[in-house]
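> If you want the building blocks of each chain, they are given just below.
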Amino acid sequence: MGVIDRNHVTETGSGQPMLFAHGFGCDQNMWRYVAPAFAESHRVVLFDHVGAGRSDLSAYSPQKYASLDGYADDIIEICEELDLRDVIYVGHSVAAMMGVIATGRRPELFDKLVLVGPSPRYIDDADYVGGFSAEDIEGLLESLASNYLGWSSAMAPVIVGNPDRPELGEELTNSFCRTDPDIARQFAQVTFASDNREDLARVTTPTLVLQCSDDAIAPEAVGHYVHQRIAGSRLVHLRATGHCPNLSAPDETIAAIRAFV
Amino acid sequence: MSTETGDDEFARLLDDSAEDLYENAPCGYLSTLPDGTIAKVNATFLTLTGYDRAALVGKRTFQSLLAVGDRIFYETHYAPLVRMQQGVQEIAVEIVRPDGGRLPVLVNTKATTDRRGALAFMRTTVFDARQRRAYERELLRARQQAEESEARARELARTLQDSFLPPEPPAVPGLDVGAAFRPAGGGDLVGGDFFDVFETGDGEWVAVLGDVQGKGVEAARVTALARHTLRAAAMSTRSPAGALTTLNEALRRSGESRFCTVVYARLLVREPGAVSVTLAAAGHAPPILVDGAARAVDVSGDLLGVLDHPVLPEAQLTVTAGEALCLFTDGVTEGRRDDEYYGEHRLMALLERSSGMPAARLARHVVDDVVRFQRGTARDDIAVMVLRPVSEPS
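Those protein sequence lines, which keep their order, are chains A and B.
The first sequence begins at 1 in our numbering and counts up one residue at a time.
The second sequence begins at 1 in our numbering and counts up one residue at a time.
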């Protein structure tokens with residue numbers, strides 16, 4: 001199975017490539033109100049992380065995806081497979097740090113970096129305030145477990161195995177954010193245990209940080225921290241509240257990204 | 001029209017109003033703004049959670065009432081879903097009460113959009129789920145226990161199977177011995193196949209390969225009996241038929257109803273490059289001798305565990321360097337693809353083509369070919385042993 005199927009890569013438009021990466025929770029649908037606005041001027045590429053959405057669940061390996069590096073490798077592979085150059089990478093939530101790792105490793109592939117609600121570390125550490133404690137993350141794992149009760153592995157083929165009949169997947173409640181519970185659990189652990197503070201200093205790609213108001217996942221102080229550690233980065237405060245301005249305030253998000261690219 | 005009048009009449013029988021229906025609905029009711037701020041809440045919700053209306057309306061967001069883990073779930077799953085599919089159903093979260101206690105609830109949310117299609121507000125129903133959650137936790141615990149005992153059972157099956165099939169045959173001077181095994185299906189059931197190679201005297205060895213009818217624990221018990229009986233019997237008799245007769249008696253006296261097939265080879269490795277073999281095959285396919293061409297050794301006898309006096313003729317042959325003797329279970333020849341069997345001819349042709357391989361590789365090669373023939377899934381256990389005399393001690 002190739003990279004395109006593995007990550008369920010979809011693309012529209014032409015021009016300088018913009019690669020949109022979704023965060024922990026749902027899939028590339030997270031960009032449905034934002035990405036189309038750029039398809040007139042850019043080659044817009046969307047994908048699902050392995051384990052999410054319509055990616056190939058059989059490609060999931062607990063070893064490879066034991067840290068964000070495995071996801072960053074996939075991003076680089078997608079760029080290579082589609083022969084993307086001068087990429088504008090737009091990463092939401094944990095995918096922001098995947099982009100930081102990828103650009104640190106292969107700076108020549110990337111032209112600009114847009115980080116939407118980034119956090120290099122979610123758990124408090126000495127003077128650093130991430131916003132969460134280790135116990136909070138245990139609570140999230142419990143929350144995930146109780147919300148995947150209805151899941152059985154027999155459902156996986158229905159969701160991911162019918163790319164030609166997407167309506168089969170859509171019929172399932174809450175399907176955009178559904179995946180195998182074991183994968184969701186590990187992705188949650190990897191996401192919230194990640195510590196990429198060191199990686200920020202390695203970024204040489206021009207970077208935009210989009211910070212929401214009242215974001216419980218990536219608080220304001222964290223956005224400032226990212227801005228300070230990435231030399232020359234630009235920080236824009238959005239009026240949008242919550243963690244997903246790409247869904248709650250797409251116009252404001254589009255305008256902020258457009259002004260940067 | 002008459003129906004409507006009828007409905008009204010019934011409704012009038014109740015002391016009911018829209019207001020009362022809302023306030024005292026059998027579930028908690030919340031209306032929230034797009035950012036989650038609580039704009040309206042019913043009495044049932046307040047009773048359920050212990051909050052004052054004044055502490056909530058305009059002051060708190062719905063997500064701020066949730067335990068932290070659930071709040072992350074809200075931001076990463078719940079809120080996105082409301083925006084993408086205009087609602088969510090049956091989300092399990094816990095509301096933190098004013099006294100710090102937690103109330104497990106199930107919530108459904110429906111989004112209301114304005115004329116431009118933007119989210120205007122959300123309506124959420126909240127159901128007390130204390131008993132349901134306790135029950136679900138029981139279910140989860142039961143499932144975890146079931147998974148653990150399944151893992152233990154698989155581990156036990158593997159351990160047992162390993163004891164029937166030594167992973168590495170012993171080093172026999174003057175003889176290259178190789179064996180390969182592939183369990184049926186996923187390999188989580190102990191099969192009845194076994195093989196063994198052991199020394200009985202100076203330069204005297206015994207190689208056995210057998211198949212007990214059936215699978216699982218019952219078959220495993222008989223397999224263990226067969227393997228150990230043959231080891232003991234081999235010490236007191238040099239005759240393959242004699243050892244097999246002892247096993248037959250042991251099976252008959254054990255009260256086991258399972259039968260067993262065995263090929264038994266006594267090997268005399270006295271001079272380099274030649275092994276003298278005495279063979280008996282109890283209900284088992286005869287071994288194949290490859291000396292350029294492949295042919296089945298002419299030996300056959302009754303299976304064990306059924307008759308009081310099975311007839312067990314012996315065959316005598318000498319296998320020399322460059323030749324190979326191949327013992328196998330019926331999982332090889334009866335490997336099936338649709339209506340077609342793998343069969344003895346296919347096996348002989350493969351052995352002729354590959355006769356130059358070292359014993360272990362040749363045995364593995366046969367097993368792989370049979371599995372490939374069956375499109376990757378073995379229907380039955382497959383066991384193969386290859387014996388090749390070598391002229392130079394390695």
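Don't read these hints as lab results, they were simulated from the structure.
Heads up, some of the hints might be wrong.
[What the hints assert, rightly or not] Once the Cα atoms are required to be at most 25 Å apart in a straight line, the calculated DMTMM-like pairs of lysine to aspartate or glutamate come out as:
| # | chain 1 | residue 1 | chain 2 | residue 2 |
| --- | --- | --- | --- | --- |
| 1 | A | Lys112 | A | Asp73 |
| 2 | A | Lys112 | A | Asp136 |
| 3 | B | Lys110 | B | Glu19 |
| 4 | A | Lys64 | A | Glu40 |
| 5 | A | Lys112 | A | Asp195 |
| 6 | B | Lys110 | A | Asp214 |
| 7 | B | Lys59 | A | Glu220 |
| 8 | B | Lys110 | A | Asp251 |
| 9 | B | Lys59 | A | Asp195 |
| 10 | B | Lys215 | B | Asp176 |
| 11 | B | Lys215 | B | Asp368 |
| 12 | B | Lys40 | A | Glu220 |
| 13 | B | Lys110 | B | Asp202 |
| 14 | B | Lys40 | B | Glu150 |
| 15 | B | Lys59 | A | Glu80 |
On a predicted model such as this, the values are computed, not experimentally measured, just so you know.
> Against each hint, give a clear statement of whether it holds in the structure.
Checked hints:
1. Lys112(A) / Asp73(A): holds (18 Å)
2. Lys112(A) / Asp136(A): Violated: Lys112(A) and Asp136(A) sit about 33 Å apart, past 25 Å.
3. Lys110(B) / Glu19(B): With Cα atoms ~20 Å apart, Lys110(B) and Glu19(B) stay inside 25 Å; holds.
4. Lys64(A) / Glu40(A): violated (36 Å)
5. Lys112(A) / Asp195(A): holds (22 Å)
6. Lys110(B) / Asp214(A): OK: Lys110(B) and Asp214(A) at ~23 Å, within 25 Å.
7. Lys59(B) / Glu220(A): Holds. Lys59(B) to Glu220(A) sits at ~21 Å (cutoff 25 Å).
8. Lys110(B) / Asp251(A): Answer holds: Lys110(B) to Asp251(A) is near 23 Å, not above 25 Å.
9. Lys59(B) / Asp195(A): violated (34 Å)
10. Lys215(B) / Asp176(B): violated (30 Å)
11. Lys215(B) / Asp368(B): With Cα atoms ~22 Å apart, Lys215(B) and Asp368(B) stay inside 25 Å; holds.
12. Lys40(B) / Glu220(A): violated (29 Å)
13. Lys110(B) / Asp202(B): violated (84 Å)
14. Lys40(B) / Glu150(B): The hint is violated at about 50 Å.
15. Lys59(B) / Glu80(A): This hinted pair is violated, its Cα atoms lying about 50 Å apart.
Going down the numbered hints, you'll see the structure goes against 2, 4, 9, 10, 12, 13, 14, 15, while the others check out.
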